[in-house]
Amino acid sequence: MQRVYLDHAATTQMLPQARAAWLQVSQQVGNASSLHTSGRAARRVVESARESIAEDLGMRPSAVIFTGGGTESDNLAIKGLYWARCAQLGKSPRTIVTSAIEHHAVLDPVLWLGEHEGAVVELANTDAQGCVSLVEIERALVRGDIALVSIMWANNEIGAIQPVHEIAGLCQKFDVPFHTDAVQALGQVPLNLGDLDATAVTISSHKIGGPVGVGALLVDPIAKFTPVLHGGGQEREIRSGTLDPASIAAFAAAVRYSVSELDEHGAALRELQEYLVSAVTSAVPGAILNGPLPGEARLPNNTHFSFPGCEGDSLLMLLDAAGIDCATGSACTAGIPEPSHVLLSMGLDEKTARASLRFSLGRGSSKEGIDQLAQALPGVVERAQRAGSVSV
Amino acid sequence: MSKLRVISAMSGGVDSSVATARMVDQGHEVVGIHLALSRKDSNGKGRGCCTLDDARDARRVADKLGIPFYVWDFSTAFAESVMDNFHSEYEQGRTPNPCLRCNEKIKFSAVLDRALALGFDAVATGHYAQIEHGPDGVELHRAIDPLKDQSYVLGVLTQFQLAHSLFPLGGNYKVHIREEAEERGLITAKKPDSHDICFIPDGDTAGYLLRKLGEQPGDITDATTGEVLGRHSGTFTVTIGQRRGLNLTVPAEDGAPRYVVDIDRETGTVIVGAPELLDVDFIRAVNPIWAGAPLGEDAVEVSAQVRAHAEPVPASAYVHDGELLINLHEQIRGLAPGQAAVLYSGTKVLGSATVASTNRVGKQTSLHGS
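Protein chains in written order, with the numbering used here: chain A, 949 to 1340; chain B, 53 to 422.
The hints are simulated quantities; they were obtained by calculation from the structure and are not laboratory data.
The structure presented is a predicted model; accordingly, all values stated were derived computationally and were not measured.
All residues carry an ideal CB built from backbone N, CA and C; glycine is no exception.
There may be inaccurate statements among the hints.
Claimed, not checked - Going by beta-carbon spacing under 7 Å, a handful of chain A positions derived as facing chain B:
| no. | residue |
| --- | --- |
| 1 | Leu963 |
| 2 | Ser1262 |
| 3 | Met1265 |
| 4 | Arg1331 |
| 5 | Arg1334 |
| 6 | Ala1335 |
Said to hold, decoys possible - Taking CB as the label site, the calculated pair distances span:
| no. | chain 1 | residue 1 | chain 2 | residue 2 | range |
| --- | --- | --- | --- | --- | --- |
| 7 | B | Asn411 | A | Leu1292 | 39 to 45 Å |
| 8 | B | Thr128 | A | His1178 | 38 to 44 Å |
| 9 | A | Glu1212 | B | Glu235 | 51 to 57 Å |
| 10 | B | Thr128 | A | Met949 | 30 to 36 Å |
Next up, chain A with everything else stripped away, as it sits in the complex (with noise of 0.2 Å):
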């Protein structure tokens, strides 16, 4: 049995043009940090990359700092904004505004500066279709006192885009820091940020088919952070750690083809997800997709479904049995599975929030692996539902 992975937002396979730039530079010894010609080499290989992702997207190589990942670079940026804007206008706690989807990357830690710093927490709301409410936020900023704003670029579960720009153009009205976790939306829709008032963009590699582990946060080069990681003082004494020039030349690497291949990928994977949609409405009359319709308002590699009276934990099972991976939400350390934040937060209750799926698709995603799920899923979620009438 062919396996059909429909899993990629949760990570994709690696690049050939990833994987030869990782193992090229793997062979080489020094510490980008080292003075001497070995270390000045490494260090060679990490600013080629630097300016190859700044000119990919945009931006300034003085703009990349490199982390170890999304979830550090998030960190970074909520943290390192929220301590230095407190130092910065001398008074603490303010007011973190985020939205009620975000990852739990930057929830968490807007949640954790909440409960251990003092900081007030606004969860922006979003409609029934998972776009984040500007006017809650224009609110927000108009009652002042504000740390940052940080609204994710595309949701990770529904794959709902943001009205990002709009967002970094009140921020910078109320001269306000804005940060957008865009580790869904790079290499899905253009990113252009140049053209975006952003105070600090979050982006990562194995999202894209690069390496797991490597992972940037661009930033406004005169923005304050405060560090998380203090160190050796790497990337400007903002994100201390040696630097892993392999994975980062391999993150250039599959920066540079996504990018490049942007329009015919995101072209390629617009009409697999039409053709997913379809498929699985057809083969399941009660699935509901979640989320903004096919367009210009979702990513063009996801698609989300509830199947009423099934728990999502067993339709996955189930679909594993048939040779079909993809992902039912956020999982705990133990494995346990929780409802979706995120949908939730769009008003589904726990029960049809407990019964979705999210199946994504990327580089080596078919029309016949598509067939394979409409195949499967009428009997899989007949059986799921006579799973979900027993479940207590």
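For chain A, the structure is supplied; the task is to place chain B on it using the hints.
This is chain B only, laid out in the frame that chain A set:
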């Protein structure tokens, strides 16, 4: 045996690890499930049956065996059906067995129902007990290893549940199971056995109940004179048959030790007296559950077991008005309402019921079991 689709409940202990391995060896299509029964690792110790370490060990054994593995969240059902029941039973002066309750309500009910609905044929566990196929259906028998036999905690299973249960370890001694785990290279081979209630990993049931239910102080009185001898912080902090830790302020006239012989839930009084007052030879038990054919109005010779590791006692038993009445041919000491009486014929489990009263205790407690 034909090839079955089996859910193997993997606690992360050595027994369920070997049970799962054996199911795989027998050619069944096995999926490993770890039951998340509580959401918190209550105090970071690895002894409870539902900690993150155990979930990880179960996952690693499943990896080694090359079978799919998932965590099923039954924490809500466990809290409602087992923990809430545990609290309220103690609060009402009874002594429940949560492992039995978990088998009845969770492992062989909620989990089994879900497994069957998902298209599986059976649930396998690492319990030490044996399933045999008799003329009238499936029979539950004691395990070969008398020290490990767990048929008592499975005495709440019905014919239907037994027909969909597999206990691959019942024909072996525990020591051989450990050796087998070692030979198979399972990382759980040297894990210590768990003896405690999984949600009370430190074994301090009284302390746990005090935290859950709050102090409900009352008198400790003498069974014969009615004299107040001391105070307790809650009837649920003592058990029938307990002698130590009562802190009696008035010494016995003859200096003889005194035991908890009854609990009066109505007045919140703990009654203490001489050990002879604990001797029981008649049991009235409610809510009987039968593994096979139910007992009728005619008394049948059986053996009765009232605790997980108690010696079975010869008895005659019959059912009247839906209640199970047991005449013990030998006296047993210290039986509390809420305990389960499991009846056997030889090694075969006939059924079980919840002790409501005896010829010694329970006159003051509610006559209706759980």
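So, going through the hints one by one against the coordinates:
Interface restraint check for leucine 963 of chain A: the shortest CB-CB distance to chain B comes to about 28 Å, outside 7 Å, so the restraint is violated. The closest approach between the C-beta of serine 1262 of chain A and any C-beta of chain B is roughly 6 Å, which is under the 7 Å cut-off, so the hint is satisfied. Of the supplied interface hints, the one on methionine 1265 of chain A holds, with its beta-carbon coming within about 6 Å of a beta-carbon of chain B, less than 7 Å. Interface restraint check for arginine 1331 of chain A: the shortest CB-CB distance to chain B comes to about 6 Å, inside 7 Å, so the restraint holds.
The interface hint given for arginine 1334 of chain A holds, since its Cβ lies 4 Å from the closest Cβ of chain B, which is under the 7 Å cut-off. For alanine 1335 of chain A, the interface hint holds, since its Cβ comes within 7 Å of a Cβ in chain B; the closest pair sits about 4 Å apart. For the pair asparagine 411 of chain B and leucine 1292 of chain A, the supplied restraint of 39 to 45 Å is violated, since their beta-carbon distance comes to about 56 Å. A beta carbon spacing of about 43 Å between threonine 128 of chain B and histidine 1178 of chain A agrees with the range 38 to 44 Å that was offered as a hint.
Between glutamate 1212 of chain A and glutamate 235 of chain B the beta carbons are some 55 Å apart, a value that agrees with the proposed interval 51 to 57 Å. Separated by about 35 Å at the C-beta atoms, threonine 128 of chain B and methionine 949 of chain A satisfy the suggested range of 30 to 36 Å.
This entry does not satisfy hints 1 and 7, going by the numbered hints stated previously.
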